[in-house]
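2 protein chains.
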Amino acid sequence: MSTLTKTVLIMAGGHGERFWPSSRLAMPKQFLALTDDSRTMIQLTVDRIRPFTEIENVYVATSSAYRELLQQQIPDLPAENILCEPVGRNTAPCIALGAVHIRKKYGDALMTVLPSDHLVQYPNIFRDVLQEACDLAESDDSIMTIGITPDEPETGYGYIKFIPRRAKRNAYAVERFVEKPDLETARRYVSSREYLWNSGMFTWKVSVILKNLEKYLPRMTEGLRSIENSIGTPDYERVLRDTFPRFPSISIDYAVMEKAKNIYTLAANFGWDDVGSWLAVSRIRQTDERGNVHAGNVIAIDTRDTIIQAGGKLIAAVGVEDLVVVDTEDALLICNKDRAGEIKRVLQVLKERNMTSYL
Amino acid sequence: MSTLTKTVLIMAGGHGERFWPSSRLAMPKQFLALTDDSRTMIQLTVDRIRPFTEIENVYVATSSAYRELLQQQIPDLPAENILCEPVGRNTAPCIALGAVHIRKKYGDALMTVLPSDHLVQYPNIFRDVLQEACDLAESDDSIMTIGITPDEPETGYGYIKFIPRRAKRNAYAVERFVEKPDLETARRYVSSREYLWNSGMFTWKVSVILKNLEKYLPRMTEGLRSIENSIGTPDYERVLRDTFPRFPSISIDYAVMEKAKNIYTLAANFGWDDVGSWLAVSRIRQTDERGNVHAGNVIAIDTRDTIIQAGGKLIAAVGVEDLVVVDTEDALLICNKDRAGEIKRVLQVLKERNMTSYL
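Residue numbers (this note's numbering), protein chains in the order written: chain A, 1 to 359; chain B, 1 to 359.
Incorrect hints may have been included.
Copies of one chain are not kept apart here, so a pair can be met inside one copy or by any two copies together.
Under the rule of at most 20 Å between Cα atoms (straight-line distance), these lysine-lysine pairs were calculated in the PhoX-like manner [to be verified]: (1) Lys313 x Lys351; (2) Lys344 x Lys313; (3) Lys161 x Lys259; (4) Lys211 x Lys104; (5) Lys180 x Lys344; (6) Lys259 x Lys211.
Please keep in mind that the hints were generated in silico from the structure rather than gathered at the bench.
Generate the whole structure from the sequences, applying the supplied hints.
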């Protein structure tokens with residue numbers, strides 16, 4: 001059993017471009033309901049950890065643009081637990097900011113980092129895994145990661161190479177972190193049975209991650225110290241605004257995970273999905289007998305394997321397949337399922353043409 | 001040169017279901033602009049015949065629901081030339097109604113029957129052909145038809161089998177009218193060089209068509225006489241309402257053309273298109289280098305051979321091809337081009353579900 005407080009940092013600063021046009025700068029993916037549940041992705045994320053720790057121990061890192069949305073969606077989240085990054089600087093500075101807040105309040109504590117927009121279909125198993133990660137992280141200076149046993153050679157995820165004999169309890173030692181592979185490499189990873197998907201979830205003691213950040217990103221150390229000193233003072237916003245933008249934009253994987261020792265992974269399978277693009281909707285929502293997921297006022301004639309999300313108007317589909325159709329108040333997307341990754345090209349065009357209201 | 005007045009009857013009672021959702025019961029195809037021109041189909045039809053005859057000699061048969069639309073779109077069309085059928089009864093009763101109106105006003109006259117929603121790309125040639133049809137129809141009791149030299153084995157049209165040696169001036173004698181063929185039959189027709197497309201355009205003397213109607217549809221004779229007698233009296237509307245609905249619902253092709261003698265055809269080619277479905281839009285409008293016809297606010301990424309008609313909102317297409325996408329205020333169609341003929345199945349569903357506002 002843990003004696004240190006179990007804290008959680010939820011990273012909710014993303015823009016969810018791959019869910020355009022539903023996801024917008026003003027209302028990104030994590031604040032949308034994308035599953036069969038009417039609760040939003042971040043609401044589901046918080047719901048899922050409520051039995052694991054008190055809401056007072058939950059921090060959310062996001063942009064100040066989303067503070068109000070967050071307060072509307074998670075009304076009992078303490079205002080001081082909303083950490084607004086002045087600019088996006090990838091995951092390493094985000095985690096560092098969370099870590100100094102937690103150290104300031106708790107001294108040392110257990111810290112679990114979670115994405116705000118992933119799906120977990122077996123929340124009990126998920127919490128049991130997090131608890132084991134906490135137990136192991138507390139017992140020494142380990143960095144605990146959650147690896148997902150792959151069921152296909154997915155090229156959209158990073159992978160964790162582990163040493164396939166138990167190191168401590170259910171955890172395996174991590175040999176290395178690898179970036180998103182091409183399809184052939186992914187096939188090799190999966191068939192070797194020595195790689196897990198990197199879920200982007202981590203557990204460590206705050207003292208441990210801060211020590212690692214000092215070691216591998218020493219140029220953040222002084223800034224982090226200034227921020228920590230200013231927490232709870234009228235200077236905080238100013239110090240953050242002066243300091244944070246100067247941090248390097250770098251991921252925690254690249255900054256720490258690919259270099260640190262003492263990393264372990266729990267090989268888990270709790271119905272995880274990163275809900276990385278519209279394609280995920282076919283995986284995570286109920287499909288009809290023709291493989292369609294239709295929401296709203298839709299009439300479909302001989303239509304297969306489509307995702308159609310109607311907005312205010314009737315959508316009639318005739319003889320189409322493998323399409324993603326998403327209607328919103330001011331924009332409509334029609335995308336081949338195989339090309340869902342290219343929605344960002346639409347956003348590029350919108351930026352080039354200065355059509356910012358659609359972003 | 002004609003000595004009889006050249007009159008024209010434009011048939012404008014159709015519902016244009018194949019152009020849903022742009023075409024609606026309240027605003028059918030003939031009142032829409034479907035070409036690169038901003039004028040509507042019926043405006044183009046009237047424009048095209050203005051050099052051929054005076055607007056006072058032009059009659060339009062339609063439903064009373066469209067009287068106002070017609071007056072808005074053709075403001076100089078005399079009100080008494082708008083013939084409102086109380087119910088739709090196919091083309092034979094429609095033509096008969098036009099014929100008795102024309103006989104009442106002119107005694108005998110030349111009468112050309114035209115669809116309201118076809119496209120003609122060479123209006124000069126078109127008018128020259130009509131003039132020749134008039135000259136030939138006036139010279140004896142011929143029924144003149146306009147046949148189009150086919151450029152593909154189209155299964156959506158009826159065909160005219162002609163005897164391939166000139167009978168009088170440029171006209172050929174018609175051997176028979178045939179209904180829409182299957183593809184194999186259509187191929188045989190086209191390669192035989194003895195069949196023309198039936199354009200649904202006819203020219204005759206009013207006395208000739210009324211004699212033929214009396215002969216082949218004798219049960220309409222008394223009703224037609226009552227209607228003719230009531231024209232210009234306060235009884236007209238009542239007589240029409242009592243009489244017209246009892247006429248058989250039958251096409252002029254089936255009622256007269258497949259039986260009458262003395263039918264001739266002019267083999268013409270004036271860039272005719274019946275604009276029979278959304279597919280026609282790719283033929284009659286400018287396409288871009290990828291075969292797309294896009295109107296309105298459209299961003300297309302790797303998109304080919306599509307017809308996309310945006311309404312009030314942005315439409316983004318990514319990696320799609322061979323689609324028809326039509327956005328309107330309350331309904332959106334996404335249809336495979338090969339299945340454009342099945343749009344009526346959407347209308348069936350709408351009727352079944354009593355969603356009448358979308359019809």
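So, going through the hints one by one against the coordinates:
no., hint, in the structure
1, Lys313 x Lys351, "between (27 Å within a copy, 17 Å between copies)"
2, Lys344 x Lys313, "between (25 Å within a copy, 19 Å between copies)"
3, Lys161 x Lys259, "within (14 Å within a copy, 84 Å between copies)"
4, Lys211 x Lys104, "within (15 Å within a copy, 102 Å between copies)"
5, Lys180 x Lys344, "within (18 Å within a copy, 47 Å between copies)"
6, Lys259 x Lys211, "within (13 Å within a copy, 98 Å between copies)"
Of the numbered hints listed earlier, not one is contradicted by the structure.
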